[in-house]
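Visitor: Order-wise, the sequence lines are chains A and B. The opening position of the first sequence corresponds to residue 1 in the numbering used here, with each subsequent residue numbered one higher. The opening position of the second sequence corresponds to residue 1 in the numbering used here, with each subsequent residue numbered one higher.
Bear in mind the hints are in silico, worked out from the structure with no lab data behind them. There's no promise every hint is true.
To be verified - Derived pair list, reagent style DSSO-like, types lysine-lysine, alpha-carbon separation capped at 30 Å:
no., chain 1, residue 1, chain 2, residue 2
1, B, K24, A, K238
2, A, K200, A, K172
3, A, K238, B, K26
To be verified - Some chain B residues well away from chain A (every beta-carbon gap over 12 Å; in silico):
no., residue
4, P55
5, L66
6, K68
7, W79
8, P84
9, L90
10, V91
11, L94
12, N153
13, S155
14, G179
15, I180
16, P181
17, L206
18, N235
19, P236
Only a predicted model underlies this, so the values are computations on that prediction, with no experimental measurement involved. We put the beta carbon where it would ideally sit given N, CA and C, even for glycine.
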Amino acid sequence: MSTTTTAAPPPVAKPKPPRRGVFQAEFWRRHGFAFAVLVPSLIVIAIFVYGFIGYSIRVSMSQWQGLLPNLAPRDPLYQTYVDLFNNPRWQADLRNVFVFTFFFLALSVLVGLMLALLVHNALAGAPIFRTIFLFPYSLSFIVTGVVWRWIFTPSAGANLLLQAVGIDPGPKWITDPRVVGDVSTALEAIIPGGDFIQVKLGIPLALLPIVIAASWQLAGFAMATLLAALGTLPDELKEAASLDGAGTWRYHWHIVLPWLRPAIVVILVILGHVSLKSFDLVYAMSGQGPGFATDVPGIFVFEQTFRALRFNLGAAASMIMFLLVAAVIVPYLYRSLVREERS
Amino acid sequence: MTDTAARTTAPAPPTAEAARAPIKGKIGALIALVVLACLFLLPVYIMVMAGLKPPAQADATHMWELPKEIDFSGMREAWARLSPNFRNSLVIVLPATVVASIIGALNGFVFAKLPFRGANVLFAVMLLGMFIPYQVILIPMVRFLQSIGLYGNLSGLILVHIIYGIPITTLIFRNYYAGIPGEIMEAGQVDGVSNFKIFTHLMVPLSLPGFVVCGIFQVTNIWNDFLFGITVVPNPTEQPITVALNNLSGNFSVQWNTVMSGALLAAIPTALIYILLGRFFVRGMTAGSVK
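Next up, chain A with everything else stripped away, as it sits in the complex (with noise of 0.2 Å):
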């Protein structure tokens, strides 16, 4: 962290040999308006997101709980992170965020690949379909929360259409406590100490109609990404495949899913840290759900920071949000910038 908040601008970082003195006054006629533009916001970055961490850090070792700071350090130092881990209800959160990302993920790039081929074919209309799949996409977490809150709740919206169909008691949607398919008892078999695993580990049911939520939202995301790298695909590789031979599936598999692999990637990276970010949309929809079934460390942070007091466990579990997203992004940030200038 002191390295990244120390990089300021490298050329003035080594002073050049005194015979190059003309250098001094080179430097700034070229360089000058560029150090004056960046300085200023990198030192506003500096202090606002990697100086911040740092002092979240030192909260997440403090003895901070109530109104009045305090900054004593814990003995040992990750005390907190130690009850962070032991809670049950961190426990859940860590389970769901990752189950939620696994089938938001899955769902959204598939639902995305779908509408993306279907456009980008379409006989007719292409860009009013465009439009309509992205839509949810210019909306607020929130009012997408609110609205599919309604539909998912059981006396209601969904239930009423599979009644319908005669499916009668509907699911119970949001409402749901039931974790299906817990392993957890098989872990602590297998695992020593495996036994400070409180809760079932497995697939808690509300958190799908949060999952359906979610890539309603964000499956136009996925579409205009991928419809952007199929508008790119040479003519000629239909072509050749048609030249070929190779039927419609053929094509499909081995030279237009290829073709999107990097589209593909970049979608994982953007949605899995959102979805490892998640909090408007589950607390306007669910909150934390019946016994924590939708509860997210997003949501975790906020109660336990601001309603709560807790500030040294809000600040260690934000902590442990900030590397899972970092664990995500950082080696793309590394791959399309820092490697590229390299190169």
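Chain B: place on chain A using the hints.
Guide: Chain B only, in chain A's frame:
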């Protein structure tokens, strides 16, 4: 000539049947698209219809029905409750978008057109700021705002949106200026014009589309923000519309037609921007994926 002729005739005899098969498939695909589009619009249908129903019809059991009569009582009630917050959101969005866009244009110009060693590393360091979960900076941010007297009011929220908007606006303008031919820069530099003048006299006049893309993206982001709104401003009358809408929907004494009208109110500005300026909207959105 002979080459193209060969190509058009080679896989030639397209029998009537072979030609019809893909057409059949295309019509099937079109039907699938129409069905999917209707499915995608169902939640919008629910929101708009419930917002226009009389209270008695806007309940769970009549959810899918068309309104028996158009009734604006829900809309009036929602506007009465949410109009101060609607105004707050406008007051936050406009200055935060303008200031962050100007900073982003300057930064983006430097990163795209005045390259220096290590620029991409610095850019990546800056860009990480737009991906972090903001939960990780909330505690120091609230303390900072308290210490400068901006906690709990709109100015604090504007400041926060400007600061955390810098990475994304820089990214959008960097990509935008990268698409402007280098000859323009070179012409200016050969004439010995300063970089500042090159920016103000040559780049700014070419930047309108960039500002539109960046502006749309920032307006949408800030209008739809919830986390900063709920942490920086505890006072309900000062909160932005997303926070107020969430409070409204959590209030069980409020009728559904009012809640859905509220959702509609919160959705209208960004939805309008999307419908009217969709082309720019998509460009801003894909800019968020770095390259």
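Visitor: Determine for every hint whether it applies to the structure shown.
Guide: Status of the hints after comparison with the structure:
1. Of the supplied pair hints, the one linking K24(B) and K238(A) holds, its CA atoms being roughly 20 Å apart against a limit of 30 Å.
2. For the hint linking K200(A) to K172(A), the alpha-carbon distance of about 19 Å falls within 30 Å, and the restraint holds.
3. Simply put, K238(A) and K26(B) have alpha-carbon atoms about 17 Å apart, close enough for the 30 Å limit, and the pair holds.
4. The beta carbon of P55(B) is kept farther than 12 Å from every beta carbon of chain A, the shortest such distance being approximately 15 Å.
5. The non-interface label for L66(B) is consistent with chain A: the shortest C-beta to C-beta separation is roughly 15 Å, beyond 12 Å.
6. The claim that K68(B) lies off the interface holds: its Cβ sits roughly 17 Å from the closest Cβ of chain A, which is beyond the 12 Å cut-off.
7. The beta carbon of W79(B) sits about 16 Å from the closest Cβ of chain A, which is more than 12 Å, so the claim that it is off the interface holds.
8. A cut-off of 12 Å between C-beta atoms confirms that P84(B) is not in contact with chain A; the least separation is 17 Å.
9. With a least CB separation of 15 Å from chain A, L90(B) remains clear of the 12 Å interface cut-off, as annotated.
10. No beta-carbon of chain A is positioned within 12 Å of the beta-carbon of V91(B); the least distance is around 17 Å.
11. Look at L94(B): its CB is around 17 Å from the nearest CB on chain A, clear of 12 Å, so calling it non-interface holds up.
12. Distance to chain A confirms N153(B) as a non-interface residue, since its nearest Cβ pair spans about 17 Å, more than 12 Å.
13. Annotated as non-interface, S155(B) keeps its C-beta farther than 12 Å from every C-beta of chain A; the closest such distance is 16 Å.
14. The claim that G179(B) lies off the interface holds: its Cβ sits roughly 15 Å from the closest Cβ of chain A, which is beyond the 12 Å cut-off.
15. At the 12 Å boundary, the C-beta of I180(B) stays outside the reach of chain A, the nearest C-beta of that chain being 17 Å off.
16. Residue-level check passed: P181(B) sits 20 Å from the nearest beta carbon of chain A, beyond 12 Å.
17. The Cβ of L206(B) sits about 18 Å from the closest Cβ of chain A, beyond the 12 Å cut-off, so the non-interface label holds.
18. The beta carbon of N235(B) sits about 14 Å from the closest Cβ of chain A, which is more than 12 Å, so the claim that it is off the interface holds.
19. The Cβ of P236(B) sits about 15 Å from the closest Cβ of chain A, beyond the 12 Å cut-off, so the non-interface label holds.
Taken one by one, the earlier hints all hold for this structure without exception.
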